[in-house]
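Undergrad: One line per chain: the protein sequences are F and B, in this order.
Residue 99 in the working numbering sits at position 99 of the first sequence, with consecutive numbering throughout.
So the mapping is simple: the working numbering equals the position in the second sequence, first residue as 1, plus 1000.
Since the hints were derived computationally from the structure, they do not count as laboratory data.
Think of the CB as a built atom: it goes at the ideal place given N, C-alpha and C, for glycine as much as any other residue.
Treat each hint with caution, since some may be false.
One side of the interface only, derived from the structure: several residues of chain F facing chain B at Cβ under 7 Å [to be verified]:
1) His360
2) Asp361
3) Ala372
4) Gly376
5) Ala391
6) Val419
Stretches of chain B that chain F covers, calculated by requiring three or more beta carbons in the stretch to come under 8 Å of a beta carbon on chain F [said to hold, decoys possible]:
7) 1004-1010
8) 1035-1042
9) 1054-1062
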Amino acid sequence: MAVEALVTPAAGPLDPEEIRKDFPILSTLTSRGRPLVYLDSASSSQKPQAVIDAVTEFNTTYNANVHRGIYEIGERSTAAYEAARKSVARFINAPDHHEVIFTRNATEAINLVAYSWGRRNIRRGDAIVLTEMEHHANLVPWQLLVQEQDGDLEFIPITDDGVLRLEVFEVLLKLRPKLVAFTHVSNTLGTINPVVEMTRMAHEAGALVLVDGAQAVPHVPVDVQAIGCDFYAFSGHKMLAPTGSGALWARRELLEAMPPFLAGGEMIREVHLRRSEWNSIPWKFEAGTPAIAEEIGMGVAAEYLMALGMDRVQAHERALLDYALPRLQAAHPDVALYGPMDTSIRGGVIPFNIPGVHPHDVAQVLDRVGVAVRAGHHCTMPLHERLDLPATARASFNVYSTRSDVDALVDGITEVKRVFGIQA
Amino acid sequence: MDDLYRDYILEHYRHPHNFGTMEDATASYEGANPLCGDRITLQLRVRAGVLDGVSFTGRGCAISQASASLLTDEVKGKPVDEAAKLSSSDVLDLLGIEISPARLKCALLSLDTLQHALGEGSEGATAHAATGGE
Chain F
1 MAVEALVTPA
11 AGPLDPEEIR
21 KDFPILSTLT
31 SRGRPLVYLD
41 SASSSQKPQA
51 VIDAVTEFNT
61 TYNANVHRGI
71 YEIGERSTAA
81 YEAARKSVAR
91 FINAPDHHEV
101 IFTRNATEAI
111 NLVAYSWGRR
121 NIRRGDAIVL
131 TEMEHHANLV
141 PWQLLVQEQD
151 GDLEFIPITD
161 DGVLRLEVFE
171 VLLKLRPKLV
181 AFTHVSNTLG
191 TINPVVEMTR
201 MAHEAGALVL
211 VDGAQAVPHV
221 PVDVQAIGCD
231 FYAFSGHKML
241 APTGSGALWA
251 RRELLEAMPP
261 FLAGGEMIRE
271 VHLRRSEWNS
281 IPWKFEAGTP
291 AIAEEIGMGV
301 AAEYLMALGM
311 DRVQAHERAL
321 LDYALPRLQA
331 AHPDVALYGP
341 MDTSIRGGVI
351 PFNIPGVHPH
361 DVAQVLDRVG
371 VAVRAGHHCT
381 MPLHERLDLP
391 ATARASFNVY
401 STRSDVDALV
411 DGITEVKRVF
421 GIQA
Chain B
1001 MDDLYRDYIL
1011 EHYRHPHNFG
1021 TMEDATASYE
1031 GANPLCGDRI
1041 TLQLRVRAGV
1051 LDGVSFTGRG
1061 CAISQASASL
1071 LTDEVKGKPV
1081 DEAAKLSSSD
1091 VLDLLGIEIS
1101 PARLKCALLS
1111 LDTLQHALGE
1121 GSEGATAHAA
1131 TGGE
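Produce the complete structure using the sequences and hints provided.
TA: In structure tokens, the structure reads:
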């Protein structure tokens, strides 16, 4: 199998040039004939050949529904789908792979908890504590829930550097919230939050903890047992897997007590005209035909990242940040950089603004020189409001990002300034 | 030569025409693209069915601000019913550059804001005429 060939010695720094050979898109040219400099991995990552091949292999040689067919390819499909679940479980060190529910993405995973656990457990006056840096996916589902249940939302504020103010969290916990939900790594600022400490604090106050891991799983080692949280939600497409794949991990006793989220086929054990009995976990939460090929791809992506070693992935991205931040500051002292400057608590995300140029124009000119960055509010409007910024441009890394990508960004910013007549 | 950020576009962005506020406006409307953070407040002064004054304030990308500058130039002094007939393609012609689908909202924010302001302006103009008749 392709993945075994990818295993590199799990020591020493990653060699991104070697890794890039696994990603066919990175050797393509833009329509203007420029090499693609992809610095938007926080939106969605590129996919290695092994993942692409796994999806193609499924579609060309054993496409069949799961948990149904009493025939060879149906059994093979079921086996591959369940093997992917085991790979994903190992990737986050889940104690039991039955606790991993496949979802379309982190958004669906969080909605599952909000609708299923939330409607049962949040009552009038109950508080849920979030943070000011949440992606809309870990904010809007809770807004809907507390509107319906007449509960309250409270927010852990951030410092101007984008670090959570734990002393305020301590005070908020006196409200005895039922749930604390926060992002592991900020998609906008890159801040790596102290999830172990925050989980311990929340548990001591009697709250359950949901961690939004969408931006963590591609960049830092994740061990749900070490974190100690109750729910961990993440997407596949940011961790080298296909779009449409994702997962929720939750503790077994919680999942068993929770009512189903979506209802239909697959999630039932027995159906009568007026009542049904639910399947056991995880299938109780996987109504309808799942994204089989994509989740199989997610299993391969998890194996690929484990073969690289997530410690090395994090070290690689930190080294790249340590190169990029001073390089940007030296070449463009007028450019505003946001987020913590301490790279030990920061993932590979660089939000920035060029004074006098709107981020959309920045991204448009960068696109002309082949550099892909995101511009806008990155689904964190309240965070931008808190920082008093209408929008930002954002460059973000992944395992295949290199120093020459950073150099292309630095040169691209020079080009933006040239077009807009800004003196360097 | 840049096919999007032409000199005249950047000139309108840096030194927008009709930028500011009017004390005696008869209608105003604030339009926004919340997804990008583009924002335009357009003010109109309608007299005898004619857009006798037009001004705007706002912030956003070069395309949205240049578009507002060009459009306010275009409609100033025009009869209201003529200004109301302006279409998306008229505004794209005014800009005179190739706009990608992702930037259409930026290019057309000024037109959308104008149409809303005209909608309010017709009521405003009526109210103005009524009080003016005393």
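Undergrad: Using a Cβ cutoff of 8 Å, are there at least 3 residues of the segment 1054-1062 of chain B near chain F, or does the coverage claim fail?
TA: holds (count 4)
Undergrad: For the segment 1004-1010 of chain B, do three or more residues have a beta carbon lying closer than 8 Å to a beta carbon of chain F?
TA: holds (count 3)
Undergrad: When the nearest CB of chain B is found for aspartate 361 of chain F, is that gap smaller than 7 Å?
TA: holds, 5 Å
Undergrad: Tell me if the interface restraint on alanine 391 of chain F is satisfied: Cβ within less than 7 Å of some Cβ in chain B.
TA: holds, 4 Å
Undergrad: Holds or violated: is there a CB of chain B closer than 7 Å to the CB of alanine 372 of chain F?
TA: violated, 12 Å
Undergrad: Can histidine 360 of chain F be said to touch chain B, with a Cβ gap under 7 Å?
TA: holds, 4 Å
Undergrad: Quick one, is the glycine 376 of chain F hint okay against chain B at 7 Å, beta carbons?
TA: holds, 6 Å
Undergrad: Closer than 7 Å between Cβ atoms is the bar; does valine 419 of chain F clear it against chain B? Give me holds or violated.
TA: Hint on valine 419 of chain F: holds, closest Cβ of chain B at ~5 Å, below 7 Å.
Undergrad: Please verify the coverage claim for the segment 1035-1042 of chain B: does it have three or more residues whose C-beta sits within 8 Å of some C-beta in chain F?
TA: Holds, because 5 residues of the segment 1035-1042 of chain B bring their Cβ atoms closer than 8 Å to Cβ atoms of chain F.
In terms of the numbered hints stated before, the structure departs from hint 3 and from no other.
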